[in-house]
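Take 7 as the starting number for the sequence shown in this note's numbering and just add one per residue.
Everything labelled a hint here was simulated from the structure, so no lab data went into it. One thing to keep in mind: the hints can contain errors.
[Said to hold, decoys possible] Computed cross-link-like contacts, SDA-like style, restricted to lysine to any residue with a CA-CA straight-line distance of at most 20 Å: (1) Lys68 to Leu121; (2) Lys142 to Cys78; (3) Lys94 to Thr80; (4) Lys122 to Leu7; (5) Lys153 to Leu7; (6) Lys54 to Asn124; (7) Lys55 to Asp119; (8) Lys137 to Gln22; (9) Lys54 to Gln71; (10) Lys112 to Leu74; (11) Lys55 to Leu74; (12) Lys112 to Leu91; (13) Lys68 to Asn124; (14) Lys129 to Gln140; (15) Lys129 to Ala44; (16) Lys94 to Lys112.
[To be verified] Label pairs and their computed distance ranges (CB to CB): (17) Ser98 to Asp20: 39 to 47 Å; (18) Arg87 to Phe36: 47 to 55 Å; (19) Lys94 to Ser39: 20 to 28 Å; (20) Lys100 to Phe15: 36 to 44 Å; (21) Asn136 to Lys112: 24 to 32 Å; (22) Ala93 to Phe14: 29 to 37 Å; (23) Lys37 to Glu104: 17 to 25 Å.
Owing to the predicted nature of the structure, the values given are computational and were not obtained by experimental measurement. Note that CB positions come from ideal geometry on N, CA and C, so glycine has one too.
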Amino acid sequence: LAVSGFLFFANETDHQNSAILDTSIQTQSFKVSNNIRAEIMGASHCLKKLSDEIKLKGIDVKNLQINLFSDCQTITNLLSRREKLIAKNFISGKKKSELANADLYKLFYSIYDELKPNIYWVKGHSNFENKSLQEKNFQIIDRLVRKELRSSTHSQS
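Taking the hints into account, I'd like the entire structure generated from these sequences.
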């Protein structure tokens, strides 16, 4: 079981000035076999949810600057790997079979193509004092996600 958490801000001013409350953080649980699948599913779910909200409000995505922050280098490296993955048709060079996460790569790329978010890596799980705003937000979201994950794991026992 994995839990993903995310938070939307309407603009940079809101991001700079908002106090993050646990109630404003959205979470989603996934049954997955490994952490990479969980990370890609979490990022894709977040972007899909944002896409749905944009459509519901009738906003033209071309007028938006969307930023996705993740502590997962797999997510931040997906765009640089895209051309090679597509050229190889998501087939492993060694095993000559479809990559284990091919379905999720394709999903992520399709949502990416719709929203064209800027993707940034943030250092997660750090103990240094001079954290950036994004790192502080990550820590708040991470704390809630870990709490939900522990709660879900205990309730399944």
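Hint check:
Taking the CA atoms of Lys68 and Leu121, the gap is about 8 Å. The hint holds against a cut of 20 Å. Distance restraint check for Lys142 and Cys78: the Cα-Cα separation of roughly 16 Å lies within the 20 Å cut-off, and the hinted pair is therefore satisfied. Distance check on the hinted pair: Lys94 and Thr80 sit about 18 Å apart at the alpha-carbon level, within 20 Å; holds. Of the supplied pair hints, the one linking Lys122 and Leu7 is violated, its CA atoms being roughly 29 Å apart against a limit of 20 Å.
Simply put, Lys153 and Leu7 have alpha-carbon atoms about 13 Å apart, close enough for the 20 Å limit, and the pair holds. The straight-line distance between the Cα atoms of Lys54 and Asn124 is roughly 15 Å, inside the 20 Å bound, and the hint therefore holds. Between Lys55 and Asp119, the direct Cα distance comes to roughly 15 Å. Compliance with the 20 Å bound is thereby established for this hinted pair. Restraint check for Lys137 and Gln22: the C-alpha separation of about 14 Å stays at or below 20 Å, so the hint holds.
For the proposed pair Lys54 and Gln71, the alpha carbon gap of about 16 Å is at most 20 Å, so the pair holds. Between the alpha carbons of Lys112 and Leu74 the distance comes to roughly 18 Å, so the proposed pair stays at or under 20 Å and holds. Taken as a hint, the Lys55 and Leu74 pair is honoured in the structure, with Cα atoms around 13 Å apart against an allowance of 20 Å. Of the pairs offered as hints, the one joining Lys112 and Leu91 holds, with about 10 Å between alpha carbons and a cut-off of 20 Å not exceeded.
At most 20 Å may separate the alpha-carbon atoms for a hinted pair to count; Lys68 and Asn124 meet this at roughly 13 Å. At most 20 Å may separate the alpha-carbon atoms for a hinted pair to count; Lys129 and Gln140 meet this at roughly 9 Å. For the suggested pair Lys129 and Ala44, the alpha carbons sit about 18 Å apart, so the restraint of at most 20 Å is met. A hinted pair counts as satisfied when its Cα atoms are at most 20 Å apart, and Lys94 with Lys112 qualifies at roughly 13 Å.
Under the hint 39 to 47 Å, the C-beta atoms of Ser98 and Asp20, about 43 Å apart, fit the expected range. For Arg87 and Phe36, the hinted distance range of 47 to 55 Å is not satisfied, since their beta carbons lie about 22 Å from each other. Lys94 and Ser39 have their C-beta atoms about 22 Å apart, which keeps the hinted 20 to 28 Å range intact. Under the hint 36 to 44 Å, the C-beta atoms of Lys100 and Phe15, about 42 Å apart, fit the expected range.
For Asn136 and Lys112, the hinted distance range of 24 to 32 Å is not satisfied, since their beta carbons lie about 39 Å from each other. Between Ala93 and Phe14 the beta carbon distance is about 34 Å. The supplied range of 29 to 37 Å therefore holds. Our hint of 17 to 25 Å for Lys37 and Glu104 holds, since their Cβ atoms are close to 20 Å apart.
Hint violations for this structure: numbers 4, 18 and 21, all remaining hints satisfied.
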